[in-house]
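Engineer: What follows is each chain in one-letter form.
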Amino acid sequence: MNILVCIKQVPASSNVRVDPVTGVLIRDGADVKMNPYDLFALEMALQLRDCFGGKVDVLTMGPPQAKDVLLEAMYMGADDGMLLTDRRFAGADVVATSYTLSQGATAMGDYDLILCGKQTTDGDTAQVGAEMAEFLGIDHATNVIRIERVTDAGLDVIVNFEQEVYNQTMEFPCLLTVEKDANVPRLPSYKKKKQVDPARVRICTLDDFADQDATHYGLSGSPTSVEKIFPPEKNDDRMKLSGTAAECADQLVALLADRRLI
Amino acid sequence: MAYLKINHEKIGAEEKQALIKICPFGAIVEEDGKLNITSACKTCKLCVKKGPAGCIEFVEDETAPAIDKSLWRDVIVFAEHDGAQVHPVVLELLAKAKDLTKQIGHRVCAVWIGDSAEGAEELLHYGADVVYTYTDAALKDFSVLPYARVLEDFIEKKKPCAMLVGATNIGRSLGPRIAARLRTGMTADCTMLEMKDNTDLVQIRPAFGGNIMARIVTPKTRPQFCTVREKVFSAQERTDAAMGELVEMAVPELPEGSVVNSVVKKEKLQSIADADVLVVAGRGVKKQEDLEELRKLADLLGGQLACTRPLVEAGWMPAHCQIGLSGRTVKPKLIITFGVSGAVQFAAGMKSSDLIVAVNTDPAASIFDVAHVAINADLYEVVPLLAQKIMEAQA
Chain A
21 MNILVCIKQV
31 PASSNVRVDP
41 VTGVLIRDGA
51 DVKMNPYDLF
61 ALEMALQLRD
71 CFGGKVDVLT
81 MGPPQAKDVL
91 LEAMYMGADD
101 GMLLTDRRFA
111 GADVVATSYT
121 LSQGATAMGD
131 YDLILCGKQT
141 TDGDTAQVGA
151 EMAEFLGIDH
161 ATNVIRIERV
171 TDAGLDVIVN
181 FEQEVYNQTM
191 EFPCLLTVEK
201 DANVPRLPSY
211 KKKKQVDPAR
221 VRICTLDDFA
231 DQDATHYGLS
241 GSPTSVEKIF
251 PPEKNDDRMK
261 LSGTAAECAD
271 QLVALLADRR
281 LI
Chain B
119 MAYLKINHEK
129 IGAEEKQALI
139 KICPFGAIVE
149 EDGKLNITSA
159 CKTCKLCVKK
169 GPAGCIEFVE
179 DETAPAIDKS
189 LWRDVIVFAE
199 HDGAQVHPVV
209 LELLAKAKDL
219 TKQIGHRVCA
229 VWIGDSAEGA
239 EELLHYGADV
249 VYTYTDAALK
259 DFSVLPYARV
269 LEDFIEKKKP
279 CAMLVGATNI
289 GRSLGPRIAA
299 RLRTGMTADC
309 TMLEMKDNTD
319 LVQIRPAFGG
329 NIMARIVTPK
339 TRPQFCTVRE
349 KVFSAQERTD
359 AAMGELVEMA
369 VPELPEGSVV
379 NSVVKKEKLQ
389 SIADADVLVV
399 AGRGVKKQED
409 LEELRKLADL
419 LGGQLACTRP
429 LVEAGWMPAH
439 CQIGLSGRTV
449 KPKLIITFGV
459 SGAVQFAAGM
469 KSSDLIVAVN
479 TDPAASIFDV
489 AHVAINADLY
499 EVVPLLAQKI
509 MEAQA
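Protein chains in written order, with our numbering: chain A, 21 to 282; chain B, 119 to 513.
Excised from the complex, chain A in its bound form (with noise of 0.2 Å):
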C-alpha cells in the first residue's frame, strides 16, 4: 500500500498579536514545529506499513525552511519527502492551498491512500482535506479514529461524528483526515537521523506541475480575502470588582443573587 501523508509546518507559539497602536502583527518567537493533528496520520500510515508493506511518503507547501518538517517525518520512519515551495503559492485560502498540494501529490506519485491530520493549530479550518480530495476526484471520510479492515479494494474506517460513530468502507483510493489521539505518535529515531538522505527530500515548484496556470494558485487561486485584521475587541460593558478576596468574593455572591444565579 503507497500511502502520503500531507504535513504542514506551524509556529510553535500560539502568541501572536496585533500591536494596538501600530496594527502590526507582533510574533514571539520564531519556533517552529509540525503540525501536532498531523503526527496521528504520519503514525496510522507508518503502522500501515509496517502491517501491509509499500511506502508512507510525506508532502507539505511552504517556505523553503519547512524543508525540516518533512525531515521530521522521515526520521520517525517516512520515505520520501516533497516540498512545495515557490513565490507563486504565497497568500492562498484554503482552496488554493488544496489545489496545490493536489497538484503536488499528482507530481509526487500514485498513492492508494492520503492521509492528512483533522486541522491544523494554525488556521484551525480543518477544510484543506476535503478540498484536496475534491481536486483529486477521490473518496474522503474526515475525523477517522480507526482502520478496521483492510482490502485489496479499500478499507473500514471507524469515522467519529458527534452524536454517532459509523463503520463505513472506502474505496482505494481514497483520503482520510486523522482524529486527535486516534494512536500514540512515535519518537524520531536517532538512528534514522543518522541514515536518512536529506537528497530524498525533493523541492518542487509550480514549474513541475501538470496545471501551470498561475492564476490557480496563491493569492490568485484564493477565492476569499482578508479585508483586515484586527486585535480582539474588548468588552467595555465590564465591571472590576476591587478590595481583598474577601470583599470580592462578597460582592460577587450578592451579584449572582441579584441575578437570581445561586
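Everything labelled a hint here was simulated from the structure, so no lab data went into it. Do not take every clue at face value.
Simulated crosslink set (DSSO-like; lysine-lysine; CA at most 27 Å straight-line) [what the hints assert, rightly or not]:
hint: 1; chain 1: B; residue 1: K275; chain 2: B; residue 2: K220
hint: 2; chain 1: B; residue 1: K314; chain 2: A; residue 2: K254
hint: 3; chain 1: A; residue 1: K248; chain 2: B; residue 2: K134
hint: 4; chain 1: A; residue 1: K260; chain 2: B; residue 2: K507
hint: 5; chain 1: A; residue 1: K254; chain 2: B; residue 2: K160
hint: 6; chain 1: B; residue 1: K168; chain 2: B; residue 2: K152
hint: 7; chain 1: A; residue 1: K248; chain 2: B; residue 2: K404
hint: 8; chain 1: A; residue 1: K200; chain 2: B; residue 2: K405
hint: 9; chain 1: B; residue 1: K216; chain 2: A; residue 2: K248
hint: 10; chain 1: B; residue 1: K338; chain 2: B; residue 2: K220
hint: 11; chain 1: B; residue 1: K187; chain 2: A; residue 2: K260
hint: 12; chain 1: B; residue 1: K167; chain 2: A; residue 2: K248
hint: 13; chain 1: B; residue 1: K275; chain 2: B; residue 2: K160
hint: 14; chain 1: B; residue 1: K187; chain 2: B; residue 2: K168
hint: 15; chain 1: B; residue 1: K451; chain 2: B; residue 2: K216
hint: 16; chain 1: B; residue 1: K507; chain 2: A; residue 2: K248
hint: 17; chain 1: B; residue 1: K404; chain 2: A; residue 2: K200
hint: 18; chain 1: B; residue 1: K167; chain 2: A; residue 2: K254
Not everything, but these chain B residues come out facing chain A in the computed CB check (under 10 Å) [said to hold, decoys possible]:
hint: 19; residue: D259
hint: 20; residue: L364
hint: 21; residue: K383
hint: 22; residue: K414
hint: 23; residue: A437
hint: 24; residue: Q463
Every residue, glycine too, gets a C-beta built ideally from N, C-alpha and C.
Using the hints provided, position chain B relative to the given structure of chain A.
Structural biologist: For chain B alone, kept in the frame of chain A given last:
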C-alpha cells in the same frame, strides 16, 4: 495575477531593514542584496500599509471576470439532522440568516437532505421562508459524495448568495468538498457575520493562529460558504404558525459513495455545552488535586467543571471538557474562569456567554477583555471564600 510588487529603486538600507522587520511571517528576505518575498507570505499586506511608503505595493488582479452578484440570491442554511431531530445549530443559523438578509431583501431558505422529509416542516417555525427537500433512500446516512452532488444540483438550480453550514464534523466534511468543486470561498468557524449592501458576506474569525481577528470576504465568486459552530448565535423563538413553504426537489443521479456499514449512537456524555453554569480551570491551577475545590464550587452553583487546552494536554481533564476552538463552544448563563489567561482561541469558544466572571492574578490578562466582571486576585484565595459564601447565601 494580483501580487505584491517590490519597488527596489525606493528601497535603501534603512527601508530594507524596516521591511524585513515588519513582516510577522519572516517572508521578506534579502537575497543577493535585493529584497525578495518568499512563499511564507500570507498577503496580510502589512508591508504595504505599515511599511515605508511606496516600497511595496499591492497590484490588483484586473483580468478576473466579475460575476453578476445580483443573479445570486437568498441565504441558505444546510439543515443537518439525524433523521429524528434537526441539529440545534441549524435553528441558530436560520435566525442569523434572517438578520443578514434584512438589508439586502433576500429570502432565508434551508436545504434538507435525507431519506424522508419528516421534520423539515419544523424549520418553517424558525424563520425559513422556503425549505427545499431532497429525499431518497440512498441519502439516509451521510456519505460525502452523494450529499455533495445534491448540494451541487441545488446550487446549479437556485444560485444562492451564501450558504451557512454548521461547523459539525459533517458540515466540515461536506462544506469544503462542495466549495472546492465550485472553486469558491469557504470560511471556517466564523464568530461574527455581517452582510454588505453588495451582498458580500463579511466573515469574521480568529486568524493566523494568534490573538488576532480577521474580516474575510469572498468578493469574486458565489455562493459564499461559511461554517459556524453551535452556540455562537442564538435561535429565535419558535413561532406557532409556519411562515413559509416546503418545496420538493428532484434528486439528481447520485454517484456511488462510501458504504455505511453501521451507525452506532454514542453514549451521551454529560456535555459542558449543555450546562447553564460553568466553572473553568486554567493554567493558574497548580496541581491536579486542586481541581477538586473547583469541582465543588461548580456543584454548589449547579454547574459543571470545564478547562482550557493546557489542562487537557497535561492529562488532568478529559478532552470533552475543553472550551475553545479546538474544544467545545459554550454559551452558559454564567461562566467563571479561574487562572485562565484568555487566548483568543479560548475566548472564541465562550465569549457569547450571558455573564462572564474572570479571576486572574495578572491584571493585563486578555481574559479581562472579554469578562463582564473582573476580579484581579489569586484563585487560591477566592475559591474557598466563594464556596463558603455561596453556601451561606443558599442556607
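Engineer: Enumerate the violated hints, using their earlier numbering and listing them in ascending order.
Structural biologist: Hint check: 7, 11, 13, 14, 16, 20, 22 fail, others pass.
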